[in-house]
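Chains G and V, in that order, are what the protein sequence lines are. Quick note on numbering: the first sequence equals residues 1 to 182 in this note's numbering. Quick note on numbering: the second sequence equals residues 1001 to 1182 in this note's numbering.
Mixed in with the good hints there might be a few duds.
Computed beta-carbon distance windows for the label pairs [stated by the list, open to error]: (1) G:R34 to V:P1030: 41 to 47 Å; (2) G:P170 to V:K1094: 38 to 44 Å; (3) V:P1038 to G:G167: 17 to 23 Å; (4) G:R90 to V:H1117: 24 to 30 Å; (5) G:R90 to V:R1123: 26 to 32 Å.
Keep in mind the hints are simulated off the structure, nothing from the lab. Fair warning: this is a prediction, and the values are worked out from it, not measured in the lab. All C-beta atoms in this analysis are idealised placements derived from N, C-alpha and C, irrespective of residue type, glycine included.
2 protein chains.
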Amino acid sequence: MTADAPGHRAARLAVPGSLELRIVGRARTPWRRREDAPHQPAAAPDARGVLEIAPDYRAALADLEGFGRIWLLFLFHRSRGWAPRVKPPRGGPKRGVFATRAPNRPSQIGLTSVALHAVDVARGEVHVSGIDLLDDTPLLDVKPYLPMVDAWPEAGHGWLEPYLAAGVEPRLKRPLRPMKPR
Amino acid sequence: MTADAPGHRAARLAVPGSLELRIVGRARTPWRRREDAPHQPAAAPDARGVLEIAPDYRAALADLEGFGRIWLLFLFHRSRGWAPRVKPPRGGPKRGVFATRAPNRPSQIGLTSVALHAVDVARGEVHVSGIDLLDDTPLLDVKPYLPMVDAWPEAGHGWLEPYLAAGVEPRLKRPLRPMKPR
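The following block holds chain G by itself, in its conformation from the complex (with noise of 0.2 Å):
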């Protein structure tokens, strides 16, 4: 975002405008088509990727390489507007999407953690290992995975519950529809 832009009153951050959303790189990944791509990391726990990072962010790539794991913010690039109910992959009703990961969401931003095995700073490359991500989506941002502040085991699955109790697995994506000519 711009440097004066962002204000604390909820009027100045509404308009759409003032806000400037940067792309710091590119996943590089095996999945080329929204049905082939895992739902979530722990899907594909050996799928390999490079994070690719942009000149202009590789310095803050600093002092990554050591951590286990890393989150990626990313946009999720071929969804196609937000909904406030999704058909959930494992099946049953709709359901609101703040209580889904599913793509349609208001700010169509992703979240997932990877495996992190190598940071070249100088070429702004970052390996990882259960990424979930569609090849070429943009990456907003990447943070450390701390354990002592994002690891709860005990949280409990909500409304997924009985879905996982059953071994209720997601079902597989429907086909891609081609992008619509510019």
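Since the structure of chain G is already known, use the hints to place chain V on it.
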């Protein structure tokens, strides 16, 4: 973002004007000044807060109640631009900002998890605790915390390990400078 904005080519996404970041609500918290706010939710487990969700987005809160924790994506609205390296609150040399959770990020988006207590979909109120956000923080997204993909207690803490092992606590922040008049 607008319906036709996000293409899959870098050129399009690099244009700030083509993206719309929706502010879905505001956090109401006890923390009015930067120097008062805890560094992460674990530092203030009893701090209560309310997420006020704007009318357009309230229907998306359906089914959220029942989760133990939720993720909040928010704007660091008091942050002033980004820096590739930042001084960590536990001391030591500057670190690459992608290796920290500091506010001074290229896309000034923060990530925190809070304990969920109650959801009033009709009023657009989400009652939480363990919140480390400043009062009035703009919210970009609410997502359920899913231990099956989010809980990695053994991931390690990278360069922070020796500071944690030595029991070094974050130092107090400097007082907030007054906002410049507009």
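How the hints compare with the structure:
no.	hint	result
1	G:R34 to V:P1030: 41 to 47 Å	holds (42 Å)
2	G:P170 to V:K1094: 38 to 44 Å	holds (42 Å)
3	V:P1038 to G:G167: 17 to 23 Å	violated (39 Å)
4	G:R90 to V:H1117: 24 to 30 Å	holds (26 Å)
5	G:R90 to V:R1123: 26 to 32 Å	holds (29 Å)
In summary, the one numbered hint that this structure violates is 3.
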